[in-house]
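2 protein chains.
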Amino acid sequence: MDVAKNLVRGLLIAATSVILVACGGSEEAKKTVKSESKVDVIHWKMVTTWPKNFPGLGTGAEGLAKSITEMSNGRLTVKVYAAGELVPALEVFDAVSRGTAQMGHGGAFYWKGKVPASQFFSAVPFGFTAQEMNSWLHYGGGLPLWEEIYAPFNLIPMAAGNTGVQMGGWFNKEINSLEDFKGLKMRLPGLGGEVLKKVGGIPVNLPGGEIFTSLQTGAIDATEWVGPYNDLAFGLYKAAKYNYFPGWHEPGSTMEALYNKEAFDALPKDLQLIVRAATRQANAVMLDEFTARNNAALETLVNDHQVILKRFPDEVLSALKKASIETLEEVAAADPMSQKVYDSFSAFNRKVRAWHQVSERAYINARELN
Amino acid sequence: MDVAKNLVRGLLIAATSVILVACGGSEEAKKTVKSESKVDVIHWKMVTTWPKNFPGLGTGAEGLAKSITEMSNGRLTVKVYAAGELVPALEVFDAVSRGTAQMGHGGAFYWKGKVPASQFFSAVPFGFTAQEMNSWLHYGGGLPLWEEIYAPFNLIPMAAGNTGVQMGGWFNKEINSLEDFKGLKMRLPGLGGEVLKKVGGIPVNLPGGEIFTSLQTGAIDATEWVGPYNDLAFGLYKAAKYNYFPGWHEPGSTMEALYNKEAFDALPKDLQLIVRAATRQANAVMLDEFTARNNAALETLVNDHQVILKRFPDEVLSALKKASIETLEEVAAADPMSQKVYDSFSAFNRKVRAWHQVSERAYINARELN
Numbered sequence: 001m002d003v004a005k006n007l008v009r010g011l012l013i014a015a016t017s018v019i020l021v022a023c024g025g026s027e028e029a030k031k032t033v034k035s036e037s038k039v040d041v042i043h044w045k046m047v048t049t050w051p052k053n054f055p056g057l058g059t060g061a062e063g064l065a066k067s068i069t070e071m072s073n074g075r076l077t078v079k080v081y082a083a084g085e086l087v088p089a090l091e092v093f094d095a096v097s098r099g100t101a102q103m104g105h106g107g108a109f110y111w112k113g114k115v116p117a118s119q120f121f122s123a124v125p126f127g128f129t130a131q132e133m134n135s136w137l138h139y140g141g142g143l144p145l146w147e148e149i150y151a152p153f154n155l156i157p158m159a160a161g162n163t164g165v166q167m168g169g170w171f172n173k174e175i176n177s178l179e180d181f182k183g184l185k186m187r188l189p190g191l192g193g194e195v196l197k198k199v200g201g202i203p204v205n206l207p208g209g210e211i212f213t214s215l216q217t218g219a220i221d222a223t224e225w226v227g228p229y230n231d232l233a234f235g236l237y238k239a240a241k242y243n244y245f246p247g248w249h250e251p252g253s254t255m256e257a258l259y260n261k262e263a264f265d266a267l268p269k270d271l272q273l274i275v276r277a278a279t280r281q282a283n284a285v286m287l288d289e290f291t292a293r294n295n296a297a298l299e300t301l302v303n304d305h306q307v308i309l310k311r312f313p314d315e316v317l318s319a320l321k322k323a324s325i326e327t328l329e330e331v332a333a334a335d336p337m338s339q340k341v342y343d344s345f346s347a348f349n350r351k352v353r354a355w356h357q358v359s360e361r362a363y364i365n366a367r368e369l370n
Numbered sequence: 001m002d003v004a005k006n007l008v009r010g011l012l013i014a015a016t017s018v019i020l021v022a023c024g025g026s027e028e029a030k031k032t033v034k035s036e037s038k039v040d041v042i043h044w045k046m047v048t049t050w051p052k053n054f055p056g057l058g059t060g061a062e063g064l065a066k067s068i069t070e071m072s073n074g075r076l077t078v079k080v081y082a083a084g085e086l087v088p089a090l091e092v093f094d095a096v097s098r099g100t101a102q103m104g105h106g107g108a109f110y111w112k113g114k115v116p117a118s119q120f121f122s123a124v125p126f127g128f129t130a131q132e133m134n135s136w137l138h139y140g141g142g143l144p145l146w147e148e149i150y151a152p153f154n155l156i157p158m159a160a161g162n163t164g165v166q167m168g169g170w171f172n173k174e175i176n177s178l179e180d181f182k183g184l185k186m187r188l189p190g191l192g193g194e195v196l197k198k199v200g201g202i203p204v205n206l207p208g209g210e211i212f213t214s215l216q217t218g219a220i221d222a223t224e225w226v227g228p229y230n231d232l233a234f235g236l237y238k239a240a241k242y243n244y245f246p247g248w249h250e251p252g253s254t255m256e257a258l259y260n261k262e263a264f265d266a267l268p269k270d271l272q273l274i275v276r277a278a279t280r281q282a283n284a285v286m287l288d289e290f291t292a293r294n295n296a297a298l299e300t301l302v303n304d305h306q307v308i309l310k311r312f313p314d315e316v317l318s319a320l321k322k323a324s325i326e327t328l329e330e331v332a333a334a335d336p337m338s339q340k341v342y343d344s345f346s347a348f349n350r351k352v353r354a355w356h357q358v359s360e361r362a363y364i365n366a367r368e369l370n
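As given, the protein sequences belong to chains A and B, one line each in that order.
Each residue of the first sequence is one higher than the last, beginning at 1 in UniProt numbering.
Each residue of the second sequence is one higher than the last, beginning at 1 in UniProt numbering.
Simulated from the structure, these hints should not be mistaken for lab results.
Treat the hints with care, since some could be wrong.
[To be verified] Listed below are the simulated EDC-like cross-link pairs for lysine to aspartate or glutamate, each with C-alpha atoms no more than 20 Å apart in a straight line:
{"id": "1", "chain 1": "B", "residue 1": "Lys79", "chain 2": "B", "residue 2": "Glu62"}
{"id": "2", "chain 1": "B", "residue 1": "Lys112", "chain 2": "B", "residue 2": "Glu147"}
{"id": "3", "chain 1": "A", "residue 1": "Lys241", "chain 2": "A", "residue 2": "Glu299"}
{"id": "4", "chain 1": "B", "residue 1": "Lys238", "chain 2": "B", "residue 2": "Glu299"}
{"id": "5", "chain 1": "A", "residue 1": "Lys261", "chain 2": "A", "residue 2": "Glu148"}
{"id": "6", "chain 1": "A", "residue 1": "Lys322", "chain 2": "B", "residue 2": "Glu368"}
{"id": "7", "chain 1": "B", "residue 1": "Lys322", "chain 2": "A", "residue 2": "Glu368"}
{"id": "8", "chain 1": "B", "residue 1": "Lys173", "chain 2": "B", "residue 2": "Glu315"}
{"id": "9", "chain 1": "B", "residue 1": "Lys321", "chain 2": "A", "residue 2": "Glu91"}
{"id": "10", "chain 1": "A", "residue 1": "Lys198", "chain 2": "A", "residue 2": "Glu148"}
{"id": "11", "chain 1": "B", "residue 1": "Lys261", "chain 2": "B", "residue 2": "Glu147"}
{"id": "12", "chain 1": "A", "residue 1": "Lys269", "chain 2": "B", "residue 2": "Asp40"}
{"id": "13", "chain 1": "B", "residue 1": "Lys310", "chain 2": "B", "residue 2": "Glu299"}
{"id": "14", "chain 1": "A", "residue 1": "Lys112", "chain 2": "A", "residue 2": "Glu91"}
{"id": "15", "chain 1": "B", "residue 1": "Lys269", "chain 2": "A", "residue 2": "Asp40"}
{"id": "16", "chain 1": "A", "residue 1": "Lys261", "chain 2": "A", "residue 2": "Glu368"}
{"id": "17", "chain 1": "A", "residue 1": "Lys321", "chain 2": "B", "residue 2": "Glu368"}
{"id": "18", "chain 1": "A", "residue 1": "Lys269", "chain 2": "B", "residue 2": "Glu70"}
{"id": "19", "chain 1": "A", "residue 1": "Lys261", "chain 2": "A", "residue 2": "Asp40"}
{"id": "20", "chain 1": "B", "residue 1": "Lys269", "chain 2": "A", "residue 2": "Glu70"}
{"id": "21", "chain 1": "A", "residue 1": "Lys112", "chain 2": "A", "residue 2": "Asp94"}
{"id": "22", "chain 1": "A", "residue 1": "Lys79", "chain 2": "A", "residue 2": "Asp40"}
{"id": "23", "chain 1": "B", "residue 1": "Lys198", "chain 2": "B", "residue 2": "Asp314"}
{"id": "24", "chain 1": "B", "residue 1": "Lys322", "chain 2": "B", "residue 2": "Asp343"}
Note that the coordinates shown come from a computational prediction; the quantities given were computed from them, not determined experimentally.
Kindly generate the complete structure, drawing on both the sequences and the hints.
Written out as structure tokens, the structure reads:
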């Protein structure tokens, strides 16, 4: 195959030399030729952690594949595999690392067993909003650190989608004080689960397919999922009465695209830039979609399905915030790389929050004044 | 030129046919050839409303030009002209409309004299945040309306940058009540100026180059500009004592890229998609940059230049909000297209604000609890 490609390329260069002569070597012709001699056709596989056609997250990954294929005019095609089609969801990281697939789409929290510091790049309790996360990654030193922790695995990460602030979860009893978390069995994976443990709850890790039944039978007391758009489709309102906000545990969950380093480095520069821009586009598109679609779903949940929308009390949020900071400090203390990432994360957090006190927060409150 | 191009293309197709034969028509070769025969070299000019190297806004436009040039591997090159280099700032719209330049970068508020409805696509007092604006444009029907109002001018608009929530302006006296706006001469262009008039102030429209001196000599009492990152560089702290927040008049100012319709439509599909993705990328990059850089500038203003940071009182913000809604309704009532855009804008506004009550706003307040 490579031999055949090289043969084609060699012949093209020879052929285009003839054209140069034919055209008298005009500036226009020279530039045209320069592009011609670089074309190859490359086929990539994208493995994902999402079920087929999963709204927002899975469809976002499919949109990214389509963009790369079309922007490259078919020079780089990307075929998407849902979770389990080529590899199981939780093997995406390894599959891209070893080159079984050239790229993947998922969330960095899934890889905490391999790279504890990855947890700072997906969903951080009381962490960044989507806007803040993107700013930290692209202008605050976040992305270079993410690249550094994935480099030993032969992987290049990029932000590839964001849900915005999620909901706080589905409960069958009211949360009136911190006491109500004591002994509460809640499906809450990742760092949020660690925080729950600190306030006396029992975090349970369940795959998506088991959540609904577990909640309905009382095997768990509560669950979080994403936000109204996904939660409505998932039917969680049939198994729980109260939908709480805000999603303190996932205030701006970032999805990731993973690229196999050799595969990415082997691309010509223009295709690398196309991949980067397509990923950045996918990152923005997902947030735009969730922001636009959550309210209609929320209205359906409240008006058609009699879901009771409730805010966690201040006392509870304060305690969760305190427990979140403790949890993050423990994660940071466990290994030097996590500490390095956390130091960057928290320094940026202090600064961007100070700025958002006088901008985003001040405005979003001012416009609610009567 | 076109004849020469067609000649080159014709010869290329002929030449690649020979290759097909030479390679025995393998699948690989066929695909390679398909891409080869479409290459052209196109040179575009981008005119902008920004001074050369203007931080954030002008550099954002330059980044966009570079992305398009590099992602297309030089098949589509874009040369940037600062305001006045090819055409004056306020002639960008016309220059791209008639094809003097193939694209432009600026803000839709500049064209209100030609297209009153354009004002809903840049800076709207008490309007959308950056996240909300992007969601309305790309998933809420905003962009199709923007395209519709620019179509008669042979122009295709796209969002190409956002400043986030701006600051409320620079003042030499405190604003303690609405009375303090009476007779206040403030440089405040666009819809914000109309609102100021309603609360008794005197809006003044000054080009950037005259603001500093006017403020220093007392010819104006106050001015707005952008936010700390630009305001610090502009030296406004030398001419005013108080910096007020929030920027109620520009809560998520959107920059625009304008494309000449014939020039855009003449691009092959892959280049069109490259232009779209590069613009979407530029849209995100600018917000990331402002979000990351404003706080350091704000700290310098307060700590090194003794600027006094103040929030507008609730009473003032309430009155400005009321006056803003009146202003928008008047703009809408003036022509059917403005009404159509405003109807879409305000319907989306109700929905996204309802969602952000339980997500972005609820979270950004919860994390400030002790």
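Which of the listed hints are broken here?
9, 10 and 16
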